Structures are given as C-alpha cells and as structure tokens.
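Participant: What follows is the residue order along each chain.
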Amino acid sequence: MSEILQKLLEAFLEEEKVFYTYKEEIYAITFKKPLSEIFGEKVKCTFKETKKNEKVQFLGQGSFLLSTIISKHRDQKLLVALSLKPKTPGISAVQDKIDELQEKEKNGHIATYQVKEQKILLHFAAAEIEISAALQKETEFMTLLYHEDISPVINKEELLEMHYERLSKVNINVKKELVDIRQIIEKQLTDKLRKKEEQHEQFIQQEVTLKDAHYQQLMKETGLHIERARERIEEKRTQALKSRSFEKMYSLGTEKKKEEKKLKEREKEADMEKDRIRDELLAEIEQIKNMKFRSYAEIIAIGVIEVETFTISYSNGKNYCYIPELHIFQEKKK
Amino acid sequence: MDFSTNEEVFLQLQKKKAWTSPTSLVLSLLAHKAGTLENIKDLLGEQQYKDKIQLLPHQKKAALKVLNEFTHRALLADEVGLGKTIEAGMILKEYMVRRLAQKILILTPASLTLQWQEELRSKFGEDFFVATKPEDWDQHEKIIASIDTAKTERNSKEICSQVWDLLVIDEAHKLKNKQSLNYKFVKKIPKQRFLMLTATPLQNNIFELWNVIDLLHPGFLGTSRQFKEEYIKDKLGLEIQQGEELRKKLGKVMIRTLRKNTTISFVDRKIETVLLDYPTEQLKFYQDVLIFVKKQYIALAKEEKEQIEKNEEDAEEVVSQQELRQKAREYQSKGLLGFRLIMLTRQISSSLRTGVKALERYAQDLKDEAQIKEIESLIKRGKQFTRDQKTEMLIDLIKKAKTKVIVFTTFLESQKNILVDLAMQNISAISFNGTMTLEEKEAAIKKFKEEVQVLVCTDSGSEGRNLQFAHVIVNYDLPWNPMRVEQRIGRIHRIGQTHDVRIVNLAFNDTIEAYILNRLYEKIDLFKTAIGEMDLILSELKTSKSFETMLFESFVKAKDQEDVKKEVEVLAQQMQEAKEKKEQISVLDEKVFGERPGGDNHE
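Sequences listed follow chains A and B, in order.
The first sequence runs 1 to 334 under this note's numbering.
The second sequence runs 1 to 603 under this note's numbering.
For the record, the hints were derived by calculation from the structure and aren't laboratory data.
The reader is advised that the hints may include incorrect statements.
Unchecked claim - Derived DSS-like pairs (lysine-lysine); straight-line CA-CA distance at most 30 Å:
1. B/K174 <-> A/K274
2. B/K103 <-> A/K192
3. A/K55 <-> B/K50
4. A/K292 <-> B/K103
5. B/K15 <-> A/K169
6. A/K175 <-> B/K17
7. A/K52 <-> B/K50
8. A/K196 <-> B/K249
9. A/K220 <-> B/K174
10. A/K236 <-> B/K235
11. B/K174 <-> B/K249
Values in this document were obtained by computation on a predicted structure and should not be read as measured data.
Given only the sequences and the hints, what does the whole structure look like? Please build it.
Facilitator: Given below as structure tokens:
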C-alpha cells in the first residue's frame, strides 16, 4: 500500500519538477508557486509512522497531500499513444524462455524453432469498476491490454514500473476501441459479478425471510388472545349447559354475552393490529429490496502502447507470443 | 453492467491531439490504484481526523467491528464519557470515504443538533446542515435535525419520501416506548444503514432494550413474547435468564464498552470552594437588587395572567392576522423580559460591576417612572463599589498556582473586567468567547498553550474544546445549570488528562450562588460526578422547565432567605432522587450486560 503511495508521490514530484531530497525515510520537499500555495513552501513528510513528529507529517491514505494528488489525477481522462522503452535486451529473455519450454515433436525429439522480433501496438485501456451490493460497495481499478494475437491481459502491475516514450504518429478509432473494451470488460467480469450478485440476492433473501418469519409470528401472537377469549366463551357455554340451577345458568349466560362483546372488540383491534403489522412488514421488505445490486464501469484511459514482442514458432506447429518487458507469454491465437 | 465510456471526451482529446505524457500515464495509474485500494483492516478516513482527535483503541475497534461485522445496523452503547459520538463520526466518515453513504440523516434531541454539527465539522471536516423546513430534506445531502422537528407532519412526509443511505439516532434510549410518535416515526424512515447511540440501553427494565433493538433490527430478538419467554425471568423485566446467550446475541448488533474495561485512567477531581464575605454595604446593595428583580418578576407574572384571561374572553372574537402577530410579539417580549430578569440576577451574582452594567441596560426598556427612579438609584449606588474581592482572590489564586489556569465566567462583561484586572497585575492572560471567529479561537488556544498563563473563558466559547493541557479551573461565577458545570470541567477533565484536576469555586456568602453551591451541587456531589453522568441524572427530572428557570422561580417564590434555602433544598432532593434512580439502573445494567457485548474483554 505505502509502496504505491510512495511511487505516486515521487511520480508527482517529478512530473511537477519539484525539488526534493529523501534521507532516512523522510522527504524534504520545496514547493514553488502555485503548489506552495496549496501545500506550503517547505514540507517534510514520511511514509513511516515511526518517523512522524510535529515537523514531519505522516503520509497515509487520506492525507491531504496524497488526497490532493490522487483526486487531481483520478479525474483526468487519458488518450494514450506511448512506446515502451525496454530496460534490458529482450532476446536474452527469449532464450531463457525457450530453454524453459523444451518443446518437443510428437516423436519426442526436441522441436526446432524460429524467433521473429517485431514491434506491435497493444491496445490499452483503464477503467474504474464499481460494484454496489447490499452490504458493500467495491471499487476496483482495472487495466487492460489486448491484441488480435493474444488473449486480453488484465491488471499488469508492470505497467506502473515502465518507462514510456511518446509515439509520433498514431491513428485510433475511438468508437471501435470503446466497443471492444466494453465487451472485454463485461466478459472478464462475468463470473465475479455473478458471484457478487448471488451473494447480494442471498443476503436480501435471508433478510426478507427473517422479517417475514418475525411478522408472521407477530400475526400469530396477535390472534392468540382471541383464541383464548373464544375458549373462555366455550367454557362458559359448557358450564351453563351443565349448571344445576336456572340462576347459575342465567348468570353464566350473562358472563358469556359479556365475553362475546369483548371478543368482538378484540377481533376489531386484532384486525387493526394485523393491518399495522402487514404495513410494517411491507415497508421493511421494501427497504431491504431497495438495496439494489449495481455494477458500473467508467473508462478512464484508452489508446495504444507499442511493445517489443517475440514470436517463437516451433516445428511442431505451436506459436508463442512473448513480451518480456511485461512478462506476457501466451500461445498465439490461430 | 452500466458503462460510462466517456466517448465524447476521448473524441475531443483526439481532435485536440491531447495525447498523454508518459509520466501522466504512470501518475494516473498510481492515483487510481491508490484511490481504490481498500483494506478492511484500515479506516481509510482516519488520516483526515487523527490529528484532531485522540483516538482510543476501543473506539477504533468499535468502528471497525461495526463496519466489518455488523450487517448495516448497530447500536453504539458505550458508557458515558467513552466517546460514542466519535465512534459514530468514524463510522460515518468511513461510509462516506468508501462512498457507501451520501445521503445521511442524523436525528438528535433539539439541544444537541448544533453540538453534533460542530463536532462533525471540527473533528471530521464534514459540514452537515441543520434542517428545520420541509424543503431542507431534499436540498441537502448531509443533515442533522431535532427528532421533534423532523417528526412533524410536514417534515416527516418529506423525510419518508426518500431513502437515506445512513440514519443515525442519538439518545436512542428515548425511543424505548413502542407506542411513542418518535418510535413510530423512526420506524417508517426508509434507510439502508442504521446507527443508534445511547449510553443507557437500559433505564427501567429489559423490555426497553427489546424495544430499542427491535426498532434497529426488527425481529432480531424475536417477538416481544418470544423474547420474554426466552430471556426474562420475572414480570417486571428485572431478572434475566440465559444471560450468556442473550449477551452473545446482543454482541452481533451492539457495542457496549464500559469504563472499567478500557485502559483509560480517569484522574481525580479536587474541589475547593472559597466563600467570601461581602462588606455590609455591598451585601445590602446585592439584596436590594434582588428585591427589585423579584418585584419586576411578580409584576410581569401578574400582567401575563391578566393578559391570558383577557385572551380567553376574546377567544370567540375573530382576530386578524395582524392582531395575531402583535399578540405573538407581546408574548415574545414578555418571555424575553423574564429571561432578562434571570440573567440580571445571575449577572449581579457574577460580580457587582457586571450587575450594574446589566441594570443600566435593563433601565433602557423601563417605562414606569417609579421603576425608573428605583433602578437609577440602584445604579448610582452600585457605581460606588470599585473594589472587587472576588477578583482579588482570583489574582491571589493564579499567582500561587504557578501553572496554567482557566477562568470561567458566564458573562462577557465579567470577562472584560477580569482581563483588565489581570493585566494590571502583569499576569499574562487571553480572552476566549463565543463572539470570536474560529481562527481567533484557534489562535487564542495556541497562545494559551504556548505563552500565556491564564485563559479567561465564557461558556459559549468553550463548548467542545479540549484544553487538557491545563488542569486548574476557577469558576469565577457559577452556572445555574449543572450541565454547564460539567461542560466546564469537561474541558480539562477528559481522556488524555494526566494531572489531577483542581476546581476552585468562588462565591459570596448569603448569595444565591452560595446556596446553589452548598445545598444543591454539594448534595448531589456534582463536582465529583463522572463525565457525562449529569446528563443522565437531569434526564430523570420530570420537568418541562430549564434548570435555570426552576432555580430562579424557587428564588422569586421565596419570602425570605430561609425560604430560598428551603426551595433550593426541594430541588436538591429531586436531584438526589434522580441520582439514586440512576444508580439503580447501573445495577440492572450490570445484570444484563456483565461482559460487554461487542467490546473487549481486557480489564
């Protein structure tokens, strides 16, 4: 985490041509206008929490300096046409790869090979993906490299380490690129989204079940005292029938009538209570169902990156594409 | 999946040949990567507030627990003084940083709306709007409101017509009654996430706890019948069974950290009361002013009674809007006059010099010749007193203290006088009050911390400020509201204070302040009451009037000094009973929670 933040700070300082020194894990930065107006002229900061003190500010996720840099650069949309400057000669890496592969013919003999070196334009895209589910919202950043010869490559960390140069002449069909990118992202995320959506639905279902059971129980309990009142009426009726004197029968009959009157009132109350419970349940369920599952992608960069590739063609018919700088090695599409 | 392809933007960039530079690409990739990294073990918002708040381990744990383990509903029920509002702020901030909540509604008792607004602004850098009108709910995303304002028909309609990403209810114990309008209102607010805060989840019996939890998470504890059968032994709801299981269950929706279970050590309070004697003439003057106030109040009350009777007679008449407005203005001015009389009494108790100034202002509104004559004579007498023993004592105390001292007074006039007197004695002091801007306040606190010995502070200026680098407080005058006393002490007697706190109260014998000190505050051990507990005690007092008004009325009702003492005694008795009730609740609390649900287990 702090490694990325550290790279970000250094890249920013270089981009803005800001003078800084880095000694004993502390950055001493001298900002000039207009940046000094935002951050102050002299700033001392560190990524090591143990090194922070009154004069040295700690740089972590959310710190003012980093937040400002992040929000500034997260807002930009980029049209990319760059070439990757190789750090080391690729051919020696290819030789290592060939030694490692040990491709053979069907008869078990070592297959012969030919290596073709060429520069190709890889299509590049970057997008922010947001997945909102009932309990969480995930935001992830995705980079994408694709080309007709290879399967799409997702999130190549190496892209952050590379040295790039501007390409002089490039022609990009923006509309087509965007259509392709959209299709690839959707395909790449299908499984993940399905899984997340299932979890989301499962949670909603659990919540709805819990609420439903709870309100059913409430309904049942609301009816309980009516049941009891009915039982009491029945009891009075039986007692009246069994009574030995007319007086007793008469008094039990009166009590029964009173109970019946009470029962009617209670039934009315219970009906109202049940309506209230039903309304509450519906409101609760609506609230739960308001938690919608949503996935959203915003494309923030498109373009091309020129890379040095090696095609290794074997006598057994297999063809590989190797891009040593990015550690991409794939069997070439037919 | 929804897409934003930014096609137009890219086409424009292409048209302008605005190709990105190599470093811009790297910067953008890193910025996106850093901006979307989310480690659930970290509070992403912490950097934005950690320098402003002294975060405690239990607060961070509570926030992380709610965020990670609780399913979008939680009851924060830490004991008083452990920083529940901070925990709520941390959770709220995290939801915002993680973009989980944009539309937020915080409902509090009316007296706490501004305090919440200030805390969220000063500690978490979040500006919340205090809403009162129907149009406010739709126009603002982050809202604080008094629950009583929110539940009115015209407001509740608006509130319930939208889904809130997060609903926060402070003082949730006030929603213990299922039949109350507040309970029903909160229940029907559409919300995605729900936080409730209370220091006293139990106030009378365990059924109240069920009510609160059932509002938070309907069905979580079963129906009230099931809850009774499973967990309650007696009809009164004071005995529990299957305690362990109940605690385990509560631990899934509730955080309750007790003081004894934290590593925080609370220092002692050392209280000194210095009672001075007025010289005879000054005492006579003081008493005469009080007699004048009494007469004024009685006249005002009589006039009000007559007016009410007249209005009742006129009730059948049709009155115009203009007349209604006029009547409203009259009522308002009467209320203000009553309030000014309370203030006048308090000002004369603060210092005679402050009292004389208040008399001068009061005189400006008098129309009755006799009254004007009386007040003018009082003013003339009052102006003769140049010596102020209270300030002399204060100066002596400060010189002997040889450390930083915070002098509290309620009034700006007293503050001004104290500052002048201190300056004449070459004691470095700085003023701090509610009329200052935020920047001026910050500068004053800095100066007090680094340079000057004394901070002369008014109550309204000091709210919410942490001044625990000092440990001596002098109450130059005494608030009539015990909550204010606690707020004053709370500026220095708080988490982070390492010295014992010294509190010196200055008052004159045979004055209202002396009665309050001796009879009222000492009886309930106010100065020793733990942080936050006074609020709970006061909430037990069943009265619609403010504490100041209750005291003032006791005083005006009294025929003589003895009677004043008796009246104050009655109030003290009520507070004593409230305190005892609070102590009973603690026993019940211990029975139900024992070990804290959701909290740590270290001692």
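Participant: Please name the hints from earlier in the document that this structure breaks, with their numbers sorted from lowest to highest.
Facilitator: none
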